[in-house]
Amino acid sequence: MRSTHPRDGAESVVTDTAILSDTAFLNDLRQQMLKFATLQLSNSHAAEDAVQEALVGALKNAKSFAGRAALKTWVFAILKNKIADTLRQKQRMVNASSLLHEDEEYEDYSELFDAKGHWQDDERPASWGNPQASLHQHQFWKIFETCLEALPGNQARVFMMKEFVELDMAEICSTVGITTTNLNVMLHRSRVRLRECLENSWFLKGERA
Amino acid sequence: MMNCQRATQLISQAQERPLSLSEKISLKVHLLMCSGCKNFSLQIPFLSQAMKAYAKGMDETSSDDLKK
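Residue numbers (the numbering used here), protein chains in the order written: chain A, 1 to 209; chain B, 210 to 277.
Heads up, some of the hints might be wrong.
[What the hints assert, rightly or not] Here are the simulated BS3-like cross-link-like pairs (lysine-lysine), alpha carbons at most 30 Å apart as the crow flies:
no., chain 1, residue 1, chain 2, residue 2
1, B, Lys-237, B, Lys-261
2, A, Lys-142, A, Lys-35
3, B, Lys-265, A, Lys-60
4, B, Lys-265, A, Lys-35
5, B, Lys-261, A, Lys-205
6, B, Lys-237, A, Lys-116
7, B, Lys-247, A, Lys-116
8, B, Lys-261, B, Lys-247
9, A, Lys-142, A, Lys-205
10, B, Lys-261, B, Lys-233
[Claimed, not checked] Chain B stretches covered by chain A per the calculated footprint, using a threshold of three residues with CB under 8 Å from any CB of chain A:
no., segment
11, 217 to 228
12, 252 to 264
[Unchecked claim] Computed footprint of chain B on chain A; a stretch qualifies when at least three of its residues, placed anywhere within it, have a C-beta under 8 Å from a C-beta of chain B:
no., segment
13, 69 to 82
14, 111 to 119
15, 189 to 199
By construction, these hints were calculated from the structure, which means they are not laboratory data. The C-beta atom is built at its ideal place from N, Cα and C for all residues, glycine as well.
Chain B extracted, bound-state conformation (with noise of 0.2 Å):
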C-alpha cells in the first residue's frame, strides 16, 4: 500500500509530469482513506497558484504598500 510519504511525493511530481495511469490509481485510493493527504493534494496546486500571483508582480500588496 502506499503510505503518506509516497503519496506526496507522487503529488508534489504531478506539478511536473502526467503520473502514469497505475500511480494515478495507487494516489487516488490512498487519498480516500487519507484526511491530511487528500489537504495536501489541495494545498500543493494552491502553492504554484499562489508562486504565480507572486510573480505577477504581487499587485495585491503593492497597492497596500502604496497607501502606507
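Only chain A is shown next, with the shape it has when bound in the complex (with noise of 0.2 Å):
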C-alpha cells in the first residue's frame, strides 16, 4: 500500500479527494503514524501492517473530511484501534518473566532517592512554570519523542499501553501478563524517567521561548 495511487480500486469512492494527491503530506503522515506505532510495537512488520490498514481505512473516507487536521485525527484514532488490537492479540507471545526481570529486579532507585527515599540533590524536581506552553512548541515535541525513545523498552510499551492507546489497567496486565502491582512500578518508573528527561532536556534548557 505504500505506492497508493488515486486510480487504485477505490477510484469511485475517492475520485474528488484531493489529499490522495498530496503525496508529501501523506508521506509526512505515514512516517508519523509509523514511528508512533513502532513506539509500541516492539515488532516493526506489525507497525507497518497496522500503519497501512489505518491509513487505508481513513482514506477511503478521506472525502467526509474537511481537511488534513481532521483526517489525521481521524487517521491516528483508527491507528490507536489497531494498535491495541494487535497488542491484544500479542498477549500470548509475551515473555513475562523476562519483562519483569529486566525492569524490577535490576533496577534500583538509589541514583534518585538517598537512603531515607529523599530526593538525591541533583534530582530534586524543579518548578517547570507553566508547561502547557510547551505544548504549541515543534522543538518541545523532538525532545518529547527523543525522551519517549529512551524509555527502557518494556516500561515504554506499558506506559504507551496506559496513556497513549488508553488500554484499562486490567487489560494492560492481563495482556502483559503482570500483576496491578508490577504495573503500577512499571508506570511509575517509566514517568520518573520520562520526567527526569524532559527536565533535564528541556524545560531546564531555557531554550524555550
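The two chains are supplied separately, each in an independent frame; assemble them into the complex guided by the hints.
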C-alpha cells in the first residue's frame, strides 16, 4: 500500500479528494504514524501493517473530512485501535518473566533517592513554570519523542498502552502478563524517567520561548 | 512519615485510581513540606496531558513539518 495511487481500485470513493494527490502530506503522515506504531509494537512488521490498515481505512472515507487536520485526527484514532488490537493478539507471545526481570529486579532507585527515600539533591524536581505553553512548540515535541524513545522497551510499552492507547489497567495486566502491583511499579518508573528527561532536556534548558 | 519515593509512587498511582483518604492525607502533608514532590505532583498529570496531545496526531508538529 506504500504506493497507494488514486486510480487503484477505490476510485468511486475517492475521485474528488485532493488529499490523495498530496503525496508530500501522505508521506509525512505515514512517517509519523509509523514512528508512533513502532514505539508501541516492538515488531516493525506489525507496526507497518497497523499503519497501512489505518491509512487505507481513513483514506476510503477521506471525502467526509473537511481538511487535513481532521483526516489526521481520524487516522490516528484508527491507528490507535489497530495498535490496541495487535497488542491484544500479541498477549500469548509476551515473555512475562523476562519483562519483570528487566524492569523490576535489576533497577534500583538509588540514583534518584537517598537511603531514606528522599530526593538526591541533584534529582529534586524543579518547577516547570507553565508547561502547557510547551505543547505549542515544535521543538518540545522533538524532545518529547526523544525522551519516549529513551525509555526502556518494556516500560515504554506499558506506559504507551496506558497513556496513549488508553487500555485499562486490567487489560494491560492480562496482555503483558503482570500483576497490578508490577504495572504500578513500571508506570511509576517510566513517569519518573520521562519527567527527568523532559526536565533536563527541555524545561531547564531555557531555550523555550 | 511518608518519604519522597513513596510520595512519587502515590502521585503516579493517582493517575490510575482514586487514592484512599488516608493516602490523600499523608500525601497532602508531604507535599506541604516538600517542593520537589510538589513539583512532581504537577508534572505527572502534565505528562498524561502531553501524551494525549501527542496521541491526537501531533497536530502541532505536523503543521511545522509540512512547511519545511
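Comparing the hints with the structure gives:
1. Annotation: proposed proximity of B/Lys-237 to B/Lys-261 holds, straight-line Cα distance about 27 Å (limit 30 Å).
2. For the proposed pair A/Lys-142 and A/Lys-35, the alpha carbon gap of about 12 Å is at most 30 Å, so the pair holds.
3. The hinted pair formed by B/Lys-265 and A/Lys-60 meets the criterion: a straight-line CA distance of about 20 Å does not exceed 30 Å.
4. A hinted pair counts as satisfied when its Cα atoms are at most 30 Å apart, and B/Lys-265 with A/Lys-35 qualifies at roughly 14 Å.
5. A C-alpha spacing of about 24 Å is found between B/Lys-261 and A/Lys-205, which places the hinted pair at or below 30 Å, so the restraint holds.
6. The straight-line distance between the Cα atoms of B/Lys-237 and A/Lys-116 is roughly 19 Å, inside the 30 Å bound, and the hint therefore holds.
7. Among the hinted pairs, B/Lys-247 with A/Lys-116 is consistent with the structure: their alpha-carbon atoms are about 18 Å apart, no more than 30 Å.
8. This hinted pair checks out: B/Lys-261 and B/Lys-247 have alpha carbons roughly 23 Å apart, not beyond 30 Å.
9. Distance hint between A/Lys-142 and A/Lys-205 is fulfilled; the C-alpha atoms sit about 14 Å from each other, no more than 30 Å.
10. With a C-alpha separation of about 25 Å, the suggested pairing of B/Lys-261 with B/Lys-233 holds against the 30 Å cut-off.
11. Residues of the segment 217 to 228 of chain B with a Cβ under 8 Å from some Cβ of chain A number 7, which satisfies the need for three, so the listed coverage holds.
12. Note: the segment 252 to 264 of chain B has 12 residues with beta-carbon separation from chain A under 8 Å; the three-residue rule is met and the coverage holds.
13. Requiring three or more residues with a Cβ within less than 8 Å of a Cβ of chain B, the coverage given for the segment 69 to 82 of chain A holds, as 6 such residues are present.
14. By the rule of at least three residues with a Cβ nearer than 8 Å to a Cβ of chain B, the coverage given for the segment 111 to 119 of chain A holds, with 6 such residues.
15. Restraint check on the segment 189 to 199 of chain A versus chain B: 6 residues with Cβ-Cβ distances below 8 Å, three needed, restraint holds.
No hint from the list above goes unmet by this structure.
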